[in-house]
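Protein sequence lines correspond, in order, to chains R and D. The opening position of the first sequence corresponds to residue 1 in the working numbering, with each subsequent residue numbered one higher. The opening position of the second sequence corresponds to residue 1 in the working numbering, with each subsequent residue numbered one higher.
Worth double-checking, as some hints may not be accurate.
[As the list claims (entries may be wrong)] Pairs of lysine-lysine residues, derived as PhoX-like cross-links and limited to a Cα-Cα distance of at most 20 Å, are as follows:
#  : chain 1 : residue 1 : chain 2 : residue 2
1  : R       : 53        : R       : 197
2  : R       : 73        : R       : 53
3  : R       : 201       : D       : 160
4  : R       : 324       : R       : 337
5  : R       : 101       : R       : 125
6  : R       : 117       : R       : 300
7  : R       : 197       : R       : 163
8  : D       : 160       : R       : 343
9  : D       : 172       : R       : 121
10 : R       : 117       : D       : 172
11 : R       : 343       : R       : 53
[To be verified] With the Cβ distance kept under 8 Å, some of the chain D side facing chain R (calculated, not the full set):
#  : residue
12 : 153
13 : 160
14 : 161
15 : 169
16 : 237
17 : 276
18 : 313
19 : 320
Bear in mind the hints are in silico, worked out from the structure with no lab data behind them. All C-beta atoms, glycine included, are put in the ideal place defined by N, C-alpha and C.
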Amino acid sequence: MKIGRKLGVLAMMAAAAVVLVACGGNKTASDAGKTNDKYSAALVTDGGGVDDKSFNQSGWEGLEKWGKKHDLKKGVGGYNYAQSNSDADFTPNINKLIQAKYQTIFGVGYKLQGAIKSAAKANPKTRFVIIDDVIEAKNVASVTFKDNEAAFLAGVAAAQTTKTKKVGFIGGVHGAVIDRFEAGFRQGVAAVDKAIKVDVKYADDFSKPAVGQALASAMFNNDEDVIYQAAGGTGAGVFSAAKNQIKKKKVWVIGVDRDQTDEGKYAGGNLTLTSTLKGVGTVVESLADEAMDNKFPAGKTTVYGLKDKGVDLTKGQLSANAWKSVQDYKQQIVDGKITVANKPSEL
Amino acid sequence: MRIKNTTFYSIWIPITSVVLGLLVGAIIMALSGFDPLANYISLLTGALGSANAIGEVLRSATPLILTGLGFAVANSAGFFNIGLAGQALIGWLASVSFALAFPGLPSILMLPGAILAGAIAGALWSGIAGFLRAYFGASEVITTIMLNYVALYGTNAVVKSFLAAGDGDYSKTIPAAARLRTPFLEQLTQNSTFHWGLLVALAGAVVIWWLMKRTTMGFEIRAVGLNEDAAQYAGMSTKRTIIAAMLISGALAGLGGAMEGLGNFQNIIVNTALPPIGFDGMSVSLLAGGSPIGIVLSALLFGILKIGGLNISIASTTPPEIVDIVIAAVIFFVGANYIIRFAGQRLSSLKGKKEGATK
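Using the sequences plus the hints, can you model the full thing?
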């Protein structure tokens, strides 16, 4: 009896809180309505945070840049992100962003394909962007990258730098996206010197630095002196492994998705040889701009490659010779003289 | 006296631990410079403030009820089934495969078939650990943990080789006849992922309550859990009971996975980690002390925390990491509740002994 009464009071309090907040919510919504020039956009991560030093971070940096450029605030009515702790969070995150009246919603990563597809169907007035996959819908813009072209250049850089004639590749999870990285890298190495051995390993996870470290240590101990990692958060472990090795011998890591020079710093210098760039941030920024100006490429798929600077390779610590070779191959790809494979089976 | 004690433990300790967790969460938020009250209010609105939110809470509680029940059944027989996540994943794979394999079936055959496929697959998977334990005494903790990895990578291989189109990382969407989500429910809950699986979960809770309290098998499972040797001496087949408990546990976890496959996601993807419903199911079951009604309630609490938690960082500038810490604090006290309960029981039994001695 006593318990029942207390629970009843608790339930009433909860109900009151809900009602109060609901009123509060309406008020802010009408306030936002007065200032018509406001545009809001948000992104949903594909697992993990916006500090993954890679894909999600790059996208978020682009959105932040866009928000600051237009004097928007982080939060409702401006720009924000929703972090997905598991795949089951995609749909609730997207729906909560829609309810918070964000006008453009970015799904960063192919894993969000299903959730964005059904949300786009149910909310025809909201604009959606899917990165790294294609959705055919009137209110969705799809963006894919020719990661293989940048990875090809990484392969050239690795081949021009290795002393042991052995290089390594550490991928996150097997799939269409990472396949492009692997294929491009292997093709690039082979283009320079067919005798160089490429050791390919997968961590089967995008967020396990410990696995990345174990794989990289084994590769370095096997005399491989350059490793290209395309493994998201797992890649942090590759850098730690290299920092342990650098005391004994010269090793290099090639970064992925954004300039990872900072991750390669150690007491005696920097071991990030170079990084392949994936313009997720730039694309997010420009799509948000286009959405704001009502020029949103709805229903279209845009593919970004070396030609339109959607992907690229940094100069980093590359020797003059290696950089020259990279430039040379880059020109050939841009001119269409070299076609880079999309998956290892095409090699 | 004893009855009073039990009610005290099963009602007040969970409530106290949740309140303690919320308090610690509030302190953490206040110390990091965020407004705890506003954040808890946005947690509440995010979980209960709209039909969509309530739909999401119920959907997220659905598989947790089933995995929680699964853990509870194995736990009453004295096993720690850590393999719920793997069994759920196998159940998910089986239910989606069934739906994709027989696309022409009418709903009336399709739904029971796909759901049953999930339950059977989960049961067979946990049956491996049950068999090893019953006949060779292999620790189920180790075997189920390892089977989790086999399930994860095995499922991924099957999805990639057989179910995904081309180089894709996900299977086709299951045919409409196999979907637990219906347009009617979507309309009712403003396009939430709420699905009919909640009925399956609630039915599961009733069946398990009945099984454990009202049948010989339930009695045998509890007897083996209390004292395996005594149960054997009393003429029960402990081997059969062990395997039965693990089969039921796995079937429930498999059903939980089937709910994700047929209800929430409607396909299966290459997973980079085990589905979280396994370990969350353990916490749900421990918070409830294994009681089926308690499991339904604590699964709802987990749903509220998880779905409402997403709203905090969308509605404010509080980073999701702080929210995760707050949710983890609540769950920590849920775990501590188990310790408090355990300590409380020890204390009262010591007291009982002392009283007996003085007499």
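Structure-based check of all given hints:
1. R:53 x R:197: 28 Å, violated
2. R:73 x R:53: 23 Å, violated
3. R:201 x D:160: It holds: about 18 Å lies between the C-alpha atoms, which stays within 20 Å.
4. R:324 x R:337: 17 Å, holds
5. R:101 x R:125: 11 Å, holds
6. R:117 x R:300: 14 Å, holds
7. R:197 x R:163: 12 Å, holds
8. D:160 x R:343: 15 Å, holds
9. D:172 x R:121: Within the cut-off at roughly 17 Å; holds.
10. R:117 x D:172: Within the cut-off at roughly 13 Å; holds.
11. R:343 x R:53: Judged against 20 Å, a Cα distance of about 25 Å means the pair is violated.
12. 153: It holds, given that the least Cβ distance between residue 153 of chain D and chain R is near 7 Å, below 8 Å.
13. 160: 7 Å, holds
14. 161: Violated: closest Cβ of chain R sits about 11 Å from residue 161 of chain D, beyond 8 Å.
15. 169: Nearest chain R Cβ about 4 Å off; hint holds.
16. 237: Where the cut-off is 8 Å and the nearest Cβ of chain R is about 40 Å from residue 237 of chain D, the hint is violated.
17. 276: Result: holds, 5 Å to nearest chain R Cβ.
18. 313: Holds - the Cβ of residue 313 of chain D comes within 8 Å of chain R, reaching about 7 Å at its closest.
19. 320: Hint holds; residue 320 of chain D Cβ to chain R Cβ min 4 Å, cut 8 Å.
Comparing the model with each earlier hint shows violations of hints 1, 2, 11, 14, 16; every other hint is respected.
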